[in-house]
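Trainee: Protein chains in written order, with the working numbering: chain A, 1 to 294; chain B, 295 to 588; chain C, 589 to 882; chain D, 883 to 1176.
What the hints contain is simulated information worked out from the structure, not anything from laboratory work. Hints are supplied without guarantee of correctness; some may be wrong.
Unchecked claim - BS3-like, lysine-lysine: derived pairs with alpha carbons at most 30 angstroms apart:
{"hint": "1", "chain 1": "A", "residue 1": "187", "chain 2": "B", "residue 2": "404"}
{"hint": "2", "chain 1": "C", "residue 1": "857", "chain 2": "C", "residue 2": "631"}
{"hint": "3", "chain 1": "B", "residue 1": "467", "chain 2": "A", "residue 2": "187"}
Number of protein chains: 4
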Amino acid sequence: MEKKQMNFSIIGGDARSVALIRLLEEAGHQIYVYGFTTHIFSKSIIVCSCIEEAVQKSSIVIGPVPCSQDQVTLFAPFHQGDPIELDILFSLLSDHQTFMAGQLTIAMQKKINPLVYTVDLLEREELAVWNAIPTAEGAIQIAMEEQPITIHQSCSLVLGFGRCGKILSHMLKGLGANVSVAVRNSKDAAYISAYGYQPIILQDLKREIHRFQFIYNTIPHMILDHRLLLYVNKDCLIIDLASKPGGVDYEAAEKLGLNAMLCLSLPGKVAPTTAGWIIKETVLNICEEMRGDK
Amino acid sequence: MEKKQMNFSIIGGDARSVALIRLLEEAGHQIYVYGFTTHIFSKSIIVCSCIEEAVQKSSIVIGPVPCSQDQVTLFAPFHQGDPIELDILFSLLSDHQTFMAGQLTIAMQKKINPLVYTVDLLEREELAVWNAIPTAEGAIQIAMEEQPITIHQSCSLVLGFGRCGKILSHMLKGLGANVSVAVRNSKDAAYISAYGYQPIILQDLKREIHRFQFIYNTIPHMILDHRLLLYVNKDCLIIDLASKPGGVDYEAAEKLGLNAMLCLSLPGKVAPTTAGWIIKETVLNICEEMRGDK
Amino acid sequence: MEKKQMNFSIIGGDARSVALIRLLEEAGHQIYVYGFTTHIFSKSIIVCSCIEEAVQKSSIVIGPVPCSQDQVTLFAPFHQGDPIELDILFSLLSDHQTFMAGQLTIAMQKKINPLVYTVDLLEREELAVWNAIPTAEGAIQIAMEEQPITIHQSCSLVLGFGRCGKILSHMLKGLGANVSVAVRNSKDAAYISAYGYQPIILQDLKREIHRFQFIYNTIPHMILDHRLLLYVNKDCLIIDLASKPGGVDYEAAEKLGLNAMLCLSLPGKVAPTTAGWIIKETVLNICEEMRGDK
Amino acid sequence: MEKKQMNFSIIGGDARSVALIRLLEEAGHQIYVYGFTTHIFSKSIIVCSCIEEAVQKSSIVIGPVPCSQDQVTLFAPFHQGDPIELDILFSLLSDHQTFMAGQLTIAMQKKINPLVYTVDLLEREELAVWNAIPTAEGAIQIAMEEQPITIHQSCSLVLGFGRCGKILSHMLKGLGANVSVAVRNSKDAAYISAYGYQPIILQDLKREIHRFQFIYNTIPHMILDHRLLLYVNKDCLIIDLASKPGGVDYEAAEKLGLNAMLCLSLPGKVAPTTAGWIIKETVLNICEEMRGDK
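Chain A extracted, bound-state conformation (with noise of 0.2 angstroms):
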């Protein structure tokens, strides 16, 4: 497909704005940028004095990822002066143009013009994958520095097969590990010793849990309880990558000294620029779309 230049604004966010900043410049769009004042830009990228001009410059305007921690101002980390408040971005905002941030809420929705085409970038599937991949490196890394033993070799235990179960265990099996993964359903399980991995039925857990050295939770639900924790090798890492609450009863963990730690939004965290890649090409996907709707 031919590349057509388009013009961003990019108001507010952390590393991983940055990094999508510098990649759709490099990509050859125009970029106007605010709340980004401690940050110093390449020249071909237009820094904007006040969100007013920001918001006016393009078609589509791109906010931060989460769009707010607080429900009420902008999550701009790198912004200095008063806080940027979400209403006031929201009524800048005119018809017919696109507003993409992460986490938009219905409550935020709301008080968008209806005229503006509005995507949570959360809810895309393309980026849910791809953040999957620096989630998986991520609790790698972190496996890697708790504990005294390699993962070449280890016994790895993986809770789930969604997304990052999938990624996760393809990598800890690049990286030579044994790699057990458990699931509900004989379909996941078919899936799971056709690329090589053993699998065990979440109900058979209790008698297999026992030999694992890291186990690597994805399953947002209460998987790892009291009782299944008993079973734990006491030397075995967990390593829980469901969203809050989680997956592990962590008190029952403490209680029996084991090492159990909740590792939330791993891209942003260990890979930042990686995760603003995954924005861009998920921002470029959407345009691409809006162009084949037109």
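Use these hints to put chains B, C and D onto chain A, whose structure you have.
Mentor: Same frame as chain A, but now just chains B, C and D:
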């Protein structure tokens, strides 16, 4: 789970059923067989002299995969004498027996006592996933046989990323091929690049297709139509794994002098023992589920 | 490095030489050929009417691989008319020409003008390594054709961890086999476990060998003698890739009803185009080295 | 092979020796220790009150890895009280005992009774191969910690294809990196492409080096000198795994603002338990060989 000895009656089928019989027997079950006149079994397997006896002996009766090729008689290539009529077999099934076979059509199911629990094995998800393994290996075997180049470092294109596309891509990469996978949506494309293949969006295929030496189709629609075939390299081998009528315009391919092969039902052809193992696993899963339901 | 056009005269050989001719021509070189009567080349390749002309046209003359099968005439299966005598070819080579071919015996080299720079292509290390790739694929193809089970999840044993053992193990693992490799020393055993295969020390083989469904021998000594064959499973396929007489007691294997196959010269048989590419790469490496030496 | 209970005396060492003690004990051997004042062992391990007792108890005495850091006293970080002098330990070794340790210099060996069989563990090939695994993982951990991008899909260059280069390349590819390996000769280049990495000939490195985001050096010569560093990307991370003084001109790297890190002795730092397991395997191999020699 503790294993419990069960009785199975296996009526008709090809080399896969022979493997199934042996594997169920090795797993400790009592097996009754009918419809394998030309095959000699080990002593512990009981060869019934008539179909009535075979059907009565077990609560679980397993027919062939597929159940019939002509919708009238049982598929039983090892059987000598008069063909076994489906109607006779169906009439022998009694209340609370379970009957499993492949391609149990609605017409067939209507002829069976409604108190018989029937299972179409080919509708089972785990069987379909597992069957993708011998299908992928069969495709690779044919690719090796037909072309004067190695799979290693070849440019290989897989169309589709369902069960067969996933496992075939995985194996081709395992052999060192440069694997591209063409799909329709950006979510699948993200998985494809996460696994280390090059993603191609189907609508961009025309621009890319000339560089491939192997094309494997797994999409059950007309993908490689006469317009797209125009761009395919003359030395390329096209292996079509999609069910009839397949995804290739064979007439156009022939006119263009392209080598396109429709390769169906590979598991039973290239790896009947593995295919029998897959049926066994599926049968035991079904038995497990039936026990769980009680 | 900048590419420089060179002249090559290619005299005799099989499908690999035909591929070599095409690939050198595509790389921008001028090619003169003799000994391919039954083959039609593209116009840019000059077919010489006599061997004298062909030899004189280039400073680099490339004979077949192997140079001869009977030590008297050139190996030239595409040549019609009287066989080409080695002595005539050798007598035509003049001072400062380079002559490359496969299996250039000492007897042959003695007959060549000592001012001719001769290279036995089969003595080149990189060619031997590259040839391990089509050899491994050929072995896998045969394994797939002969056995009713998949390579995936099979118990596969590789004897030896030299060029062929290394690459075959890598590919078998890539297809999902459970790979064991038997070697003599603990250093190789450490590499084997580092790459994720199970190491077996050769002297312990007797205890382990019964469980394998495929055995690939790459060790050019009598490893699978009659004592060891006693322990091999009756359903096992033995593929012997070691040069004659191979590493299997074939007589004993036959008595035991074992399926053992001696598979030699696989690259030229299963993948002549790739084998021709390998010769091309090797020839260009040699030319590069000759330029570097000057 | 049948396992025979042996006695081992382990004198000094760090966390690797502690792991070694536990693993030998778990393998059924009787262990005597000295030099671990601050560590509490399980009851079955006998803590000797003086070095004389510890040395006398076993025919096999295992010192630290390395034996000494100052060439005068034993490397014993868990020991409290006066340092243990090498000379005292050496004087206690008696005829027909075996003494193993790391970096047993010639000067040290001269001080030991010639009827003692001495083994420098760091000279053992299998230990060196195995140590490449935690070294590679340690390098990957550092790469993950230092850079804001994922290993996955990064452009990664490995300099050298010895033990460490081989295993590091394998793991980087397992994580999804685009791996290039630079070597001197065409044989190694052939292996590199066989394993699916991109080979680079060292003399062509200048032309290619700018595109890498990670460079791992395993060659113990000055490879990345000031001329080559000029071409390295400013965002690239250089991890130097080659023994002192390493293969990087660190002064030039600093002037250029490049991030270059010399990372030595990684196994003991990142995975002491695995490193202890490696010593245990090596020690048992040596014992096996000694038995075989008798």
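Trainee: All hints are to be evaluated individually against the structure, with a verdict given for each.
Mentor: Okay, the hints, checked on the actual structure:
{"no.": "1", "hint": "A/187 x B/404", "in the structure": "holds, 28 angstroms"}
{"no.": "2", "hint": "C/857 x C/631", "in the structure": "holds, 27 angstroms"}
{"no.": "3", "hint": "B/467 x A/187", "in the structure": "holds, 23 angstroms"}
Comparing the model with each earlier hint shows no violations; every hint is respected.
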